[in-house]
Amino acid sequence: MVNNTPRAPPPEALSPVHLFSHGSTMMLGEDSASARYWERCGEEALAHGIEHVVMMGAHWATSLPGGILISANPKPDKSPVALVHPSKYKPYVLNPDVDYVPVLQERFRAAGIPCEADPTFDWIHDTYLVLIRMFPRACPPTTIISMNGLYDPHLHVAVGAALRPLRAACRKTLFIGSGGSVHNLFRNVWGPMLRYRDNFAQPTPPEPWALDFRQEVIDTFCAGYEDHVPTDEAVYGREIRSPRGVGGPLLRRKATSLMKHPRYRDAHATDDHFMATMFVAGLCGGQGDVDAIGVLGAEDWELTNMCNTQFTIGGWDGW
0 MVNNTPRAPP PEALSPVHLF SHGSTMMLGE DSASARYWER CGEEALAHGI EHVVMMGAHW
60 ATSLPGGILI SANPKPDKSP VALVHPSKYK PYVLNPDVDY VPVLQERFRA AGIPCEADPT
120 FDWIHDTYLV LIRMFPRACP PTTIISMNGL YDPHLHVAVG AALRPLRAAC RKTLFIGSGG
180 SVHNLFRNVW GPMLRYRDNF AQPTPPEPWA LDFRQEVIDT FCAGYEDHVP TDEAVYGREI
240 RSPRGVGGPL LRRKATSLMK HPRYRDAHAT DDHFMATMFV AGLCGGQGDV DAIGVLGAED
300 WELTNMCNTQ FTIGGWDGW
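Residues in the sequence shown are numbered consecutively from 0, following numbering that gives the first Met the number 0.
Heads up, a few of these hints could be off.
Said to hold, decoys possible - Calculated lysine-lysine pairs in the DSS-like style (CA-CA distance at most 27 Å, straight line): (1) Lys77 with Lys87; (2) Lys87 with Lys74; (3) Lys74 with Lys89; (4) Lys77 with Lys89; (5) Lys171 with Lys74; (6) Lys259 with Lys171.
If you're looking for bench data, these hints aren't it; they were derived computationally from the structure.
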């Protein structure tokens, strides 16, 4: 039964946080439900006066002991994108937010997390692929932070937690984690993409391990959605939302525990595409996030077994 009891106003106004699965490089060149949701999220961010974007992707990691790097290249290049015509991304002008780097450094140092600015880093498709779809007219001032190459989930939660105060409305900062819910390149079915450039072909259904882990991620970031979706109706292809809050300290524990799930290593042969999940859990894991609603705004399956889910935690109205 749905609980319709009105909730008290949130104690602080915080910007929402996005956890996006960027999928294969072809997600930049092809229309998809995910791309349309990214654009909608970008329009909402601009409408609410966002001035800074901070992203953690899945393709940049550092060996800095216990720490991370912050992009500080004033004129970054773009790494090439396979299977996408250059006209789709070459003309897009990147907008590195170098002036925001000291603000992030201050937060990390206060949290005891080693950090260094990297003036040479060139952007990779895991970040600008999403930005091009979110903000097609112009890239907003954006700063990218790296992962740590040991892929400690608790460290990446701490990285997100250190930046959580910057979600305050007065900071006008939007945080995005760009990774993958189910992203095991070794278990994808590559034939349709390589032969026909069809990344969305599904000659067979996703395998059980992929479906199982995808469901665990949804149950973490969109808990209790079944209260709003009748059991005899299909969930795939529709926006769903949690009827109760999914944030707070419990989110951090649930997110990190996903890496101990029996299906985790099937779904992620390497840990790089799951660190953005830890980053977002840290950003949304404060006590003031307990009532934050989770939304699964879109989903696409690629290469049979790669699941690209698009989540938003919190909202512009304070929830």
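Hint check results:
Between Lys77 and Lys87 the CA atoms are separated by roughly 12 Å; this keeps the pair inside 27 Å, and the hint holds. Distance check on the hinted pair: Lys87 and Lys74 sit about 19 Å apart at the alpha-carbon level, within 27 Å; holds. Restraint check: the Cα-Cα separation between Lys74 and Lys89 comes to about 14 Å, which is no more than 27 Å; the hinted pair holds. Using a Cα cut-off of 27 Å, the hinted pair Lys77 and Lys89 holds, with the two alpha carbons roughly 8 Å apart.
As the CA atoms of Lys171 and Lys74 are separated by approximately 23 Å, the hinted pair is consistent with the 27 Å bound. Note on Lys259 and Lys171: the hinted pairing is violated, with a Cα-Cα distance of about 35 Å set against a maximum of 27 Å.
Comparing the model with each earlier hint shows a violation of hint 6 alone; every other hint is respected.
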